[in-house]
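Novice: As you go down the protein sequences, you meet chains X and R in turn.
One gets our numbering by counting positions in the first sequence from 1 and adding 1 to each.
One gets our numbering by counting positions in the second sequence from 1 and adding 27 to each.
Keeping only pairs whose Cα atoms sit at most 25 Å apart, straight-line, the calculated SDA-like set for lysine to any residue is:
id	chain 1	residue 1	chain 2	residue 2
1	X	Lys100	R	Leu247
2	X	Lys202	R	Ser276
3	R	Lys231	X	Ser274
4	R	Lys156	R	Pro109
5	X	Lys309	R	Met250
6	R	Lys275	X	Asp91
7	R	Lys110	R	Lys131
8	R	Lys269	X	Leu203
9	X	Lys277	R	Ser230
10	R	Lys273	X	Ser235
11	X	Lys100	R	Ile263
12	X	Lys269	R	Ser230
These are calculated hints, taken from the structure and not from any lab test.
Chain by chain, the residues run as shown.
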Amino acid sequence: MYTGFANVTIGHILMILIGLVFIYLAITKDWEPMLLVPIGFGIIIGNIPLFPGLQVGVYEEGSVLNILYQGVRQGWYPPLIFLGIGAMTDFSALISNPKLLLIGAAAQFGIFGAYMAALALGFGAAEAGAIGIIGGADGPTAIFLAGRLAPDLMGAIAVSAYSYMALVPVIQPPVMKLLTTEKERRIKMKAPRAVSPTEKKLFPIVGFLLTAFIVPSGIPLLGMLFFGNLIKESGVTKRLDTTAIVPIIYFITIIIGITVVCYTHSDKVLQWSSVKIFILGAFSFVVATFAGVLFVKFFNLFLKEGNKINPLIGNAGVSAVPDAARVSNNVGLEYDKTNFLLMHAMGPNVAGVIGSAVAAGILLAFLG
Amino acid sequence: MKKYFKLFILLGVLFCATSSYAQNISDMRLNEVVVTNTEGFEDDYGYRSGWIELFYTSYGTVNIAGCYLSTDPNNLTMYMIPKGDVLTQIKPRQHTLFWADGVKERGTFHVSFNLEGAKEVFFVSTDGKTIVDRVAIPQLDTNQSYARKVDGEGSNKVESIVYKSINKTIKAKANEADPTVEGWVVCNAPTPSTNNLTLDGESKASMMQDVDPIGIFLTLTAMCVTFLSLIILYFIFKRIGKFHIKKKSENAKEATKNVANSAKADTSGQVSAETYAAISMAMHLYKIDNEAHDFENTVLTIHKESKSYSPWSSKIYTLRETPQVNKRK
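In isolation and in its complexed conformation, chain X is listed as follows (with noise of 0.2 Å):
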């Protein structure tokens, strides 16, 4: 009566069955293993049959894992998340190229493409806007506004958005292919003109001024972005910079990859509103590739030859840095050896961070 055996249930098997085979994923086929291992084993630890009353469970307060998850539920680890990812980014690529912005703000419309598709399948708007943030690519991001919107649909979302996150090569190229000829796709871009230290440094000042006066809500995550990137560029807090893009990241990738998934009891996962969220996430990354390439095409008919932009990197405009980049990269030099556009596509990669950021501010502003 007092194991797990006795208490087991088809839905814990299946689900331990599930985290299984994200690690298999990880380990043999490499996809995603920083946030895939402890994802899957988090599923584990998480679908672990207890009988109540013995405090350990994430469900129970006051338990171990229950304090861990405050984390995830109050939004604290994202924007830690974000202050190592400002630290790591480089947003060269973008300040030399500006107009690459735009593709990052238009890829958003994954997220609202989603949120209006979630409205129509009978979901509540706050939960629609919870669920159409996995359009963003972004797993902090998808966590925060998840944990504000719809604490109790946290699991289901978090695993579609980094499933999706890992899925990125596989979901996105035939979008890419669709929508582009084959001379697009052979268009060779300017090479980025070198940039400034003082600009690296002005970027995230202004950036951050700029987005946190339009969109206060984005606060807590647009702040620690631009900070870990200021303290990156100013080229004065070394050491600042290398705790925050080691020790603290990693050490908030390991709890936030265990703990969000925690919460992913059969009982609340193995729901049609699951099936509903993992079919809205799939349609929300094709809504965002689908836009950005195609604004990047519109975007083209405003430019002059030499100037045109390969709508192959429209796709990087959803987060998930660096890989959406990488398939740029990737489907680029099938149509031609020498044409590299991961430079290129890291511009609207990273302006999709800002864009998927500013974008859960209006979520949070509207509907939190």
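Given the structure of chain X, go ahead and fit chain R onto it with the hints provided.
Specialist: What follows is chain R alone, placed relative to chain X:
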């Protein structure tokens, strides 16, 4: 000069800190008042008496210890809220209730006066002079309260009206309280320590869903705001980029000109000391302010190859050959 600058910064910080403190106290509001209470809420001693409810409108925490409550404009320090009681720490958007029973010995939340015959109630800052909020009490029946319709909202608030204690004359800067101001109502059912207006539970999200059931309004608004933010950022960095390119080309032109001039001046065929100085300066500038070159860590990584066997580590090669003795014949 440096000393004065530091002093200036320190004063600035102190000013900010003081302002933020004042900001917290200034967010306190008189929220509801009951003059005669015979059937309503009882205090911890089981007595019924009039009461004054305060509401903290801010999203931080504030300690109201040391502030004053009064009903007499000529004596604004009638009751000082005692210091040292943790319960005077008011949480964000919370109420606190003071019993106007005239028996302050009953504890922190029992003031030294009652409201019978009182015309106004004042909440005064810790200096005993600055009125944070005041309310003129209209004629109330027994067990009726005079309350704000929505907690903390309404036009009866007073912004920093300073009462000069000299001659006991009242000189208000502005906003003389009007007892019939908007936002206050007489209630037959008082709500001590709870919201005066209880919302029906409709959240922003559900209101949004009612207004915009398919989500198109939110989508268009959000996309416009996202684009707007990034478009402004685009224009700013486009300008900064152009400025940077212009400056760089100007610097290059100037450098070329200087080199040409020095070459003209040096006709002897000998390289002058000035030329060496210019070259050194150019190299120095290139090194410290090379805008074409990013910062790099310049970390050299050496992978150690581990081999199970190598002749270099073989003992047999490191041993000296056994000496042989050649005997002379």
